[in-house]
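Residues per chain are reported as follows:
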Amino acid sequence: MAATFPYTHYACPCSNLTTPAPTSISAKRASLIPVDAPEDSTFNPHDPRANYSLSPLDRLLFCDECEEIRCQRCYGEEIIHCPTCLFEVPSSGVRSDGNRRSSSGEEVEETYILQCHYCDWSSLDIGVHFSKPTKITEQLAKQRKSRVSSRSPAAGAQPLSHDETFANLATFYKEQLSESGDPQNPYSNSPYSSPNNLARIMSLYGGLSVNALKKTREKPQPMREARGAKEGMLMCSFEDKAANDALLQSMQTLDWANTTTTGQRLSAPANNDARLVDALWPVATRLRTRKCRRCRFCPQYLSYPDPKLKVGNLRYKIRVLALNHIPRLSIRSLQTSCPLPNPAFCLHAADLQQRQPDIQPHITRQYILTIRNPILEPIRITLATPTTTPGRVASRVTILCPSFTVGPAGDVWDEALSSSTTSMATIAPGNGGRQAAMESLTGRGADESLDRQPEAGKVWERTKNSTSVVLEIVPGALKSLPGIVPKSETELEEEELEEGDDVLEVPIYVRAEWEVSEEHDDAGDRKGGKRIVEADGNVKKELAFWCVLGVGRIGEGG
Amino acid sequence: MSRPQAVTRRSAKSEYIETDTGNKISRRARIEGKQNIMLAGKSVVMAGAILRGDLHRKIDRPAEGEKGGPITAINIGRASVISTDCTIRPPMRMSRGLMTFYPMRIGDNVFIGSGTHVSALSISSHVHIGANCVLSAFCIIKESCKILPDTVVPPHMVIPPGSVVGGRPARVVGEVGEGWGQGGGGEGEEYVEGGDLRALVRSIK
Numbered sequence: 000m001a002a003t004f005p006y007t008h009y010a011c012p013c014s015n016l017t018t019p020a021p022t023s024i025s026a027k028r029a030s031l032i033p034v035d036a037p038e039d040s041t042f043n044p045h046d047p048r049a050n051y052s053l054s055p056l057d058r059l060l061f062c063d064e065c066e067e068i069r070c071q072r073c074y075g076e077e078i079i080h081c082p083t084c085l086f087e088v089p090s091s092g093v094r095s096d097g098n099r100r101s102s103s104g105e106e107v108e109e110t111y112i113l114q115c116h117y118c119d120w121s122s123l124d125i126g127v128h129f130s131k132p133t134k135i136t137e138q139l140a141k142q143r144k145s146r147v148s149s150r151s152p153a154a155g156a157q158p159l160s161h162d163e164t165f166a167n168l169a170t171f172y173k174e175q176l177s178e179s180g181d182p183q184n185p186y187s188n189s190p191y192s193s194p195n196n197l198a199r200i201m202s203l204y205g206g207l208s209v210n211a212l213k214k215t216r217e218k219p220q221p222m223r224e225a226r227g228a229k230e231g232m233l234m235c236s237f238e239d240k241a242a243n244d245a246l247l248q249s250m251q252t253l254d255w256a257n258t259t260t261t262g263q264r265l266s267a268p269a270n271n272d273a274r275l276v277d278a279l280w281p282v283a284t285r286l287r288t289r290k291c292r293r294c295r296f297c298p299q300y301l302s303y304p305d306p307k308l309k310v311g312n313l314r315y316k317i318r319v320l321a322l323n324h325i326p327r328l329s330i331r332s333l334q335t336s337c338p339l340p341n342p343a344f345c346l347h348a349a350d351l352q353q354r355q356p357d358i359q360p361h362i363t364r365q366y367i368l369t370i371r372n373p374i375l376e377p378i379r380i381t382l383a384t385p386t387t388t389p390g391r392v393a394s395r396v397t398i399l400c401p402s403f404t405v406g407p408a409g410d411v412w413d414e415a416l417s418s419s420t421t422s423m424a425t426i427a428p429g430n431g432g433r434q435a436a437m438e439s440l441t442g443r444g445a446d447e448s449l450d451r452q453p454e455a456g457k458v459w460e461r462t463k464n465s466t467s468v469v470l471e472i473v474p475g476a477l478k479s480l481p482g483i484v485p486k487s488e489t490e491l492e493e494e495e496l497e498e499g500d501d502v503l504e505v506p507i508y509v510r511a512e513w514e515v516s517e518e519h520d521d522a523g524d525r526k527g528g529k530r531i532v533e534a535d536g537n538v539k540k541e542l543a544f545w546c547v548l549g550v551g552r553i554g555e556g557g
Numbered sequence: 000m001s002r003p004q005a006v007t008r009r010s011a012k013s014e015y016i017e018t019d020t021g022n023k024i025s026r027r028a029r030i031e032g033k034q035n036i037m038l039a040g041k042s043v044v045m046a047g048a049i050l051r052g053d054l055h056r057k058i059d060r061p062a063e064g065e066k067g068g069p070i071t072a073i074n075i076g077r078a079s080v081i082s083t084d085c086t087i088r089p090p091m092r093m094s095r096g097l098m099t100f101y102p103m104r105i106g107d108n109v110f111i112g113s114g115t116h117v118s119a120l121s122i123s124s125h126v127h128i129g130a131n132c133v134l135s136a137f138c139i140i141k142e143s144c145k146i147l148p149d150t151v152v153p154p155h156m157v158i159p160p161g162s163v164v165g166g167r168p169a170r171v172v173g174e175v176g177e178g179w180g181q182g183g184g185g186e187g188e189e190y191v192e193g194g195d196l197r198a199l200v201r202s203i204k
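Residue numbers (numbering that gives the first Met the number 0), protein chains in the order written: chain L, 0 to 557; chain B, 0 to 204.
The set of hints was computed from the structure by calculation and includes no laboratory data. Every value quoted in this text rests on a predicted model; they were computed, and no experiment measured them. For each residue, glycine too, the CB sits at the ideal point set by N, CA and C. It cannot be assumed that every hint is accurate.
Here are the simulated distance ranges between beta carbons [as the list claims (entries may be wrong)]: (1) Thr20(B) x Asp305(L): 46 to 54 Å; (2) Thr18(B) x Arg285(L): 41 to 49 Å; (3) Gln359(L) x Ile203(B): 42 to 50 Å; (4) Arg143(L) x Glu31(B): 34 to 42 Å; (5) Glu31(B) x Gln263(L): 41 to 49 Å; (6) Val282(L) x Ile203(B): 53 to 61 Å; (7) Gly166(B) x Ser121(L): 19 to 27 Å.
Here chain B is said to cover these stretches of chain L; the calculated rule only asks that three of the stretch's residues, wherever they fall, bring their Cβ under 8 Å from a Cβ of chain B [said to hold, decoys possible]: (8) 110-119; (9) 537-548.
Some chain L residues near chain B, calculated using beta-carbon distances under 8 Å [what the hints assert, rightly or not]: (10) Leu56; (11) Ala283; (12) Ser302; (13) Tyr303; (14) Asp305; (15) Arg314; (16) Ile317; (17) Arg318; (18) Leu320; (19) Phe344; (20) Leu346; (21) His347.
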């Protein structure tokens, strides 16, 4: 849920909530009872699973083969090339620092340390310094090994280090896998495909009997776990009381900030046992990779950054964004004459404090829904929304004009040339003559916008590549009215508001249809021959998706 | 005979000085060393912003034949917006007993939120910086990043391109979406984070 209203989230068709599973598959999986996917299910934005299929527009890609939206779960990632290290500084916030020269100036002994500029930790705290500023990871590893090995003979019988334990465990599991074995293994070389076949043939031709065969065949041992330190098992013992006591003592004297968090302990195998912050070992930052995205269903590249260029420049060879292919929705209140300032661009400190006012329940409010068309053909849009919003708080939604067309997006030049004339185009035709001329000079006439009433069946505003229609929303109340009969426990529980229930979200099903002339239909060509060509040489195309408009928060009252 | 009073041409002084290249600089911005600050064009410096162009590297005496060119302390790209009450100060370091300043470079389409302290060595293009952040000396911010409000970026940190960074100290908490910076243009959404900020610059009056 975005923190700022209004927002628009688009649902990817990948989840069950948006697209019911095809009936053939659900028939096969008899155990899989589709609980909430009947034929015409409504998308419930308050469903806890809905969050996983909704994304804002800038996170969506579009596959033009499948002609579907692809969300982050649907585009598999392939790593093009790694490493893309930032050669300036290998780790964030920590850097090599320090030449220490002797005061006499004769002998220059240069040593280097790691130092954090934020919290002033330095590697001198753990007693580590480096002889040269390069290959820090190597030097660190060497120092770590020497430190661990110097510690272990001092303490007597010590458990093996993590690396050795890991190596032992890995070899142990490999052995187990080969021993317990694949049933196929002994027979992969022979012409008999199964042990039954072999036994049958053997018994036919004499030779060892089936029973004898069974006995001599080694019983595959079930796979077992490691049993000792040599096989890789790491035992925690409570015998080492002295060390544990010392640890507990130090935990009591030092404060919470000095104990390690799980995140810190998991950062490196060397740190897995560190309980106190001063036992942590520095870890090198991970290298970053550049990912290319492919559609999960058809292996089409959706986003392919150019691997040749240096890290600094993010250029793409292929990038197919959803916002260039699907109609984009946005909503704003009818009462405010101009779009609200984008809260991300708060220019003044005072604006930051402003909280958007809550919506009062039971008062009809009108909103303008604008659909923008990014493609080069005019599209016909059909909108559908349930009469009451699903979820705990039911608000009534009416779309005054559910079916309309949106013009095509022009080239950049068309937009630039016509930007001076759009202001004239958006004004409803006045009386002609002087009034229209005055309005075009002063912008939209003030009277006109107040007098216009939204009418059912008519679009509110139409510009070159966008159309606006009016939505009427009556927000529901958060609490139902007290009734005469006292409610039972379960009913009271059901009525409790959960987090996010007071957000007014309207699910809208958008269907766009347009026609593409046959020679421009690249995707159809690639799919090969399945499209239906109309009489005049156009191919019909259709795209449909669910979309959730976040309108605001419903306040108490009324 | 008294002269008739000169008619005032403007009733009120506008908030912004507009230069030939389309930069808008607020009259309430505090700018030192303005000859060492380069604004590429169509950028905005809002009220209360402090730009320290006077903190620059002192050039040594140029030898014969060497030209002593102009020193720019702060370089700001096109269509960048510096909001109210920001402080832009070139990063400085004590070396060999002398405090030296390094030139700071800010890219195109950079939005710097209100109240931030910027001492970064370089900020690349299409970066969106939230309000009340602190970018300490010598940090480097690469392209298309988003810095959440109230972040403190420690000195010398390098923020890789396309990351979302937040917290104190700043940590990379995510990546920007694929469509970062796209989507401006047309009505309604004239400018988005990381996108072309010329429309925002035009709307600031």
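Structure-based check of each hint:
1. Thr20(B) x Asp305(L): 46 to 54 Å: violated (32 Å)
2. Thr18(B) x Arg285(L): 41 to 49 Å: holds (45 Å)
3. Gln359(L) x Ile203(B): 42 to 50 Å: violated (33 Å)
4. Arg143(L) x Glu31(B): 34 to 42 Å: Violated, since Arg143(L) and Glu31(B) (Cβ atoms, about 49 Å apart) do not stay within the stated range.
5. Glu31(B) x Gln263(L): 41 to 49 Å: Given a distance of about 43 Å, which is inside 41 to 49 Å, the answer is holds.
6. Val282(L) x Ile203(B): 53 to 61 Å: violated (45 Å)
7. Gly166(B) x Ser121(L): 19 to 27 Å: holds (22 Å)
8. 110-119: Three-residue rule met by the region 110-119 of chain L, so holds; n is 4.
9. 537-548: With 0 residues closer than 8 Å to chain B, the region 537-548 of chain L misses the three-residue bar; violated.
10. Leu56: This hint holds: Leu56(L) lies near chain B, its Cβ roughly 6 Å from the closest one there, short of 8 Å.
11. Ala283: violated (14 Å)
12. Ser302: Holds. Min distance 6 Å.
13. Tyr303: At 11 Å from the nearest chain B Cβ, Tyr303(L) fails the 8 Å test, so the hint is violated.
14. Asp305: violated (13 Å)
15. Arg314: Constraint on Arg314(L) not satisfied, violated at 10 Å.
16. Ile317: violated (11 Å)
17. Arg318: holds (7 Å)
18. Leu320: Where the cut-off is 8 Å and the nearest Cβ of chain B is about 5 Å from Leu320(L), the hint holds.
19. Phe344: holds (6 Å)
20. Leu346: holds (5 Å)
21. His347: Holds, about 5 Å.
Checked against the numbered hints listed earlier, the structure breaks hints 1, 3, 4, 6, 9, 11, 13, 14, 15 and 16; every other hint is satisfied.
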